[in-house]
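Colleague: In the order they appear, the protein sequences are chains A and B. Position 152 of the first sequence, counting from 1, maps to 152 under the working numbering, and the rest follow consecutively. Position 133 of the second sequence, counting from 1, maps to 133 under the working numbering, and the rest follow consecutively.
Treat the hints as calculated values from the structure; they're not laboratory data. Ideal placement from N, C-alpha and C gives every residue a C-beta, glycine not left out. One or more of the hints may lead you astray.
[Claimed, not checked] If you want the ones that stay clear, here's a sample from chain A, every Cβ over 10 Å from chain B, calculated:
#1 Ser20
#2 Asn39
#3 Leu41
#4 Gly104
#5 Ala108
#6 Arg131
#7 Phe146
#8 Leu172
#9 Gly173
#10 Leu198
#11 Ala219
[Unchecked claim] Covered by chain A, per the in silico footprint, the following chain B stretches (three or more residues, Cβ under 8 Å):
#12 80 to 93
#13 283 to 291
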Amino acid sequence: MKLSDRAVRFGLKPVVFLASLGPLAYLIWAALTGNLSANPLADLTNETGVWTLRFICLTLAVTPLRKWTGWNTLVKFRRMTGLFAFFYGSLHLLTYAIVDRFAGLDQAPGWVEAIGAGHVPGAALMASTARGLARSVGEDIYKRPFITIGFAAWITMVPLAITSTAGWIRRLGGKRWNRLHRLVYLTGILGPLHYWWLVKADVSRPLTYAAVVAVLLGARLYWSRARRVAALPVRAPATRA
Amino acid sequence: MLIKRPADIRSSEITDKKVYLNRREFLGASAATTAAVAAGVLGTEAFVHAATPAPHGRKLENVKKTPFGADEKPNKWEEITTYNNYYEFGIDKDSPSMFARNLKTEPWTVAVDGECAKKGNMPLEDILKGQALEERIYRHRCVEAWSMVIPWVGFPLSDLIKKCEPTSKAKFVEFTTFFDTKQMSARTSAIRYPYVEGLRLDEAMHPLTIMAVGLYGEVIPNQDGAPMRLVVPWKYGFKHIKSISKIRFVEKQPMNTWQDQASNEYGFYANVNPSVDHPRWSQATERRIGEFLRRKTLMFNGYGDQVASLYSGMDLKKNY
């Protein structure tokens, strides 16, 4: 299928962009209308995490799908899905920091009180909250392997998000940029691992993400081997006796 | 000028087109299979929550009010009946609310076995005949660090144990949850079934320990463990075994399901203890369902005055 640049830029791209915001829009709607579970705060954390994984899988699927179907237009969506993975990953991290860490701080009741009374918390409270939150998150990252892995997965996306612009591609040069962006393979491995270590017993869901990532990375491995074989120097023809 | 370059690859080294296409088909097929399996599994990773609160059941008669939990604000019926861990009906919190209605709880018998004089099948009506019921509003703390306040209706487990006449060899009580794949969806083999739990006999005889048969003054909904479930308020929720179909008096400490699943994470005692973390998360605080701020978890879930003496001299870090 060959679409004109115009059709992609002004037709398909906005559609994919809006669709990618769908999960967030749904979450906000469900949270406001009481359509989440009895523990909506846990839902927000879980759903943002799951959508991060889905966008990582989508991003990793672009190249194999393009090669497989020959539909090159797909590559034009890779940056968007990658940035959405970072977006949902950041929301996930933020939700965790607020719901899991901040809400357990001794300073948190002070915030609720201040906001309830309609004024901004004082500077002293802000400073001590920032310190408390940093310590609480830091401790958690240090103490709990699944948090360590999750945080590491988010960290791997940061340089990719920063260098996702055309300017950075130019500055780094295509080759170096490509090499840097292979970091997303690590994101793809760490993400499902983070999920795996979190669940209590049934690993079928994390296992599924791991399997999808394995197929997508495996396809790359396969193609790169095929390329290397193709690039081997031609042997001298055997002389016939 | 025409420069003729030799071909990079000899024609004999080029994979035959048919083989190449086959391989491509194979890759395609495996990718498609992965996609299909992934869609199947992740489809259950429900995004739209279809939780359905339990319909209100029969009102229980002559329920005695007790002072327990008078200072606590109970969680809503909707919360208590849509947010359940009952893996036999699926691993999501809302799965039991959707699938537990298939469980047939009448008639119900409890098999009594082991070191006791009154072995055999005990119909639930016999257990409840002449048994005074009372309301106990208890705090409920899940090992996953969330909690609720639940207005149970039940009776002291000690009453039932006395009826079974345990012998001097009975040191522990082992409970088993009813299991039937026809009535329980259990679509995942997440844990081994049937579910088993146990208590030391003195824990089981403790006046705080009850068998619950009601919620909010009504017959207990299926997702909460109908027709009869254990409530031990100073222990984590997974000790509170649901839909009990078997009680066995034993000499040795029973192997409870979660300990069997992961003994480094879940022990036999499972006393609520803010200073002993789960290996993967902290137990210092908890989220009371319906609240934003996390509460500090209390030792023995706040029932230490009544139960701490059961564990005097025991290392609770080792016996988690």
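Colleague: If you test the structure against every hint from before, which numbers come out violated?
Modeller: Numbers 2, 3, 4, 5, 7, 10 and 11 - these are the hints that the structure violates, sorted from lowest upward.
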